[in-house]
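Protein chains in written order, with the UniProt record's numbering: chain E, 1 to 269; chain Y, 1 to 200.
Keep in mind the hints are simulated off the structure, nothing from the lab.
For every residue, glycine included, the Cβ atom is placed at its ideal position computed from N, Cα and C.
Possibly wrong hints are sitting among the right ones.
Stated by the list, open to error - No more than 20 Å apart at the CA atoms, straight line, and that leaves these computed lysine to any residue pairs for SDA-like: (1) Lys-156/E with Asp-12/Y; (2) Lys-163/E with Asp-151/Y; (3) Lys-153/E with Gln-80/Y; (4) Lys-156/E with Asn-137/Y; (5) Lys-160/E with Pro-84/Y; (6) Lys-150/E with Trp-86/Y; (7) Lys-65/Y with Lys-26/E; (8) Lys-62/Y with Gly-164/E; (9) Lys-26/E with Lys-163/E; (10) Lys-156/E with His-178/Y; (11) Lys-153/E with Ser-24/Y.
Unchecked claim - With beta-carbon atoms standing in for the labels, derived distance ranges: (12) Asp-99/Y with Tyr-6/E: 40 to 46 Å; (13) Leu-187/E with Glu-104/Y: 47 to 53 Å; (14) His-89/E with Met-1/Y: 52 to 58 Å.
The primary structure of each chain is shown beneath.
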Amino acid sequence: MKKWTYLPVILLVLLYVISMLIDPDKISIQLEERNLPPGFSHLFGTDWLGRDMFLRTMKGIELSITVGLLTAVLSTIVSFLAAMLASMHKWLDRLISWLTDLFLSLPHLVTLILISFTLGGGFKGVVIGLVLTHWPSLTRVLRAEILQLKETKYVKISEKLGKGFWWQARHHYLPHLLPQMLVGFTLIFPHAILHEASITFLGFGLSPEQPAIGIILSEAMQYLSTGFWWLAFFPGLILLIIILLFQICAKAWKSYLEKDFSHENIVRD
Amino acid sequence: MLTAKNISYYVDKSTPLFRNLEFSINKGEIIGLMGRSGAGKTTFAKILAGYDVPDEGEVSIKQKKGEPHPVQLIWQHPEQAVNPKWRIEKVLREAGEPDSEIVELFGIEKEWLKRFPLQLSGGELQRVCIARCLLTNPNYIIADEMTTMLDPISQAAIWKAFIKIAKQRKIGLLVISHDRHLLERLCGKILTFDQISQLK
């Protein structure tokens with residue numbers, strides 16, 4: 001990896017750690033300081049209850065990144081397992097293809113609301129709902145890759161050399177699929193954050209006292225028309241920066257994994 | 001003894017590639033097989049080594065679960081037979097602990113082990129594939145046009161080492177090739193594909 005690609009990783013981790021360190025008790029209601037525009041005492045201004053928007057945004061970022069990462073990792077794993085299962089037997093393949101089509105034919109949001117609502121909402125409901133709705137498209141890609149890989153000579157030879165299915169999965173399939181999984185992961189991450197925000201906005205997700213970015217944005221909507229632009233601008237900007245940083249990291253990592261080693265200056269003893 | 005009885009293989013329901021094929025080979029025996037292109041030599045090799053299932057008939061030796069197949073096939077194109085993302089060391093290790101005798105006999109140099117398959121030439125890679133196949137201690141080896149893509153000098157070197165090891169370990173060897181002169185040098189017995197497939 002090139003050196004400069006470490007910068008976004010460091011920034012991302014730094015932002016996450018800072019947001020974790022913020023004491024939620026500091027985000028208190030101070031009515032005498034309400035609706036202040038951005039300034040030195042309040043970097044991102046304050047809202048209609050006098051809460052500091054900088055602190056709220058950072059806390060929201062923490063929650064969003066946690067939900068996003070957790071969901072993206074879990075759904076990538078689910079996709080990989082589903083695709084591997086599909087490659088094991090003809091009937092499993094049919095079943096999983098059918099499930100994939102089923103989930104893809106339903107609008108994400110509807111399934112997500114149903115699952116999250118059934119599980120009683122909250123953090124758990126949102127994460128499980130997001131995981132269960134975001135695996136199908138990646139599963140499709142991975143399944144196609146596996147079908148192709150299964151026909152290569154070296155995988156067939158591996159079986160004749162006495163290697164079992166899970167050994168092959170670990171050593172042949174996983175390294176080959178990793179770049180695809182990484183792309184899938186990158187695509188799921190912002191999706192998950194935005195979906196989390198939307199169902200929270202609709203009232204089926206996280207509870208309103210949690211400072212999620214989705215909640216901040218939806219609350220800000222009522223005040224935008226009265227000129228309090230900073231309520232939506234800064235949280236939105238930070239969300240955008242997070243997603244961009246994340247995508248730069250993922251891109252660098254992906255190109256590293258896909259690198260063609262044949263031109264590497266060889267043989268370091 | 002490895003035997004194939006009454007093997008038939010159909011391209012589709014009405015066109016057989018070959019029919020009622022009979023073949024047998026003992027341990028330690030070296031047999032050559034010739035045939036025109038498109039006769040089904042490679043398909044037959046794949047059936048013997050368990051890569052393909054015949055439509056009729058049976059092969060006497062089958063793979064046991066979790067163990068290497070006792071009949072190993074060496075492919076014509078070594079670059080397709082190894083995972084391009086693995087270093088040579090891992091390619092060899094897939095078959096078992098690298099045996100220094102085999103590694104030396106086929107002239108596999110230590111520094112290759114850290115390289116990727118694309119960084120070796122075709123001949124070097126084929127030697128790696130042969131060594132890998134030998135590491136599973138097979139009873140029978142089928143060499144399907146194994147050295148067709150190599151220059152005569154590497155061919156000679158590879159066959160010399162290969163025959164030596166096959167004799168030493170009493171491996172039954174089926175050599176499939178177009179090259180009659182090569183087969184005459186190597187094999188005690190030469191069959192043509194038309195003879196065994198009884199299609200004339």
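Outcome of the hint check:
no. : hint                                 : in the structure
1   : Lys-156/E with Asp-12/Y              : 23 Å, violated
2   : Lys-163/E with Asp-151/Y             : 33 Å, violated
3   : Lys-153/E with Gln-80/Y              : 6 Å, holds
4   : Lys-156/E with Asn-137/Y             : 18 Å, holds
5   : Lys-160/E with Pro-84/Y              : 18 Å, holds
6   : Lys-150/E with Trp-86/Y              : 17 Å, holds
7   : Lys-65/Y with Lys-26/E               : 63 Å, violated
8   : Lys-62/Y with Gly-164/E              : 16 Å, holds
9   : Lys-26/E with Lys-163/E              : 58 Å, violated
10  : Lys-156/E with His-178/Y             : 25 Å, violated
11  : Lys-153/E with Ser-24/Y              : 26 Å, violated
12  : Asp-99/Y with Tyr-6/E: 40 to 46 Å    : 43 Å, holds
13  : Leu-187/E with Glu-104/Y: 47 to 53 Å : 50 Å, holds
14  : His-89/E with Met-1/Y: 52 to 58 Å    : 34 Å, violated
Checked against the numbered hints above, the structure breaks hints 1, 2, 7, 9, 10, 11 and 14 and satisfies the rest.
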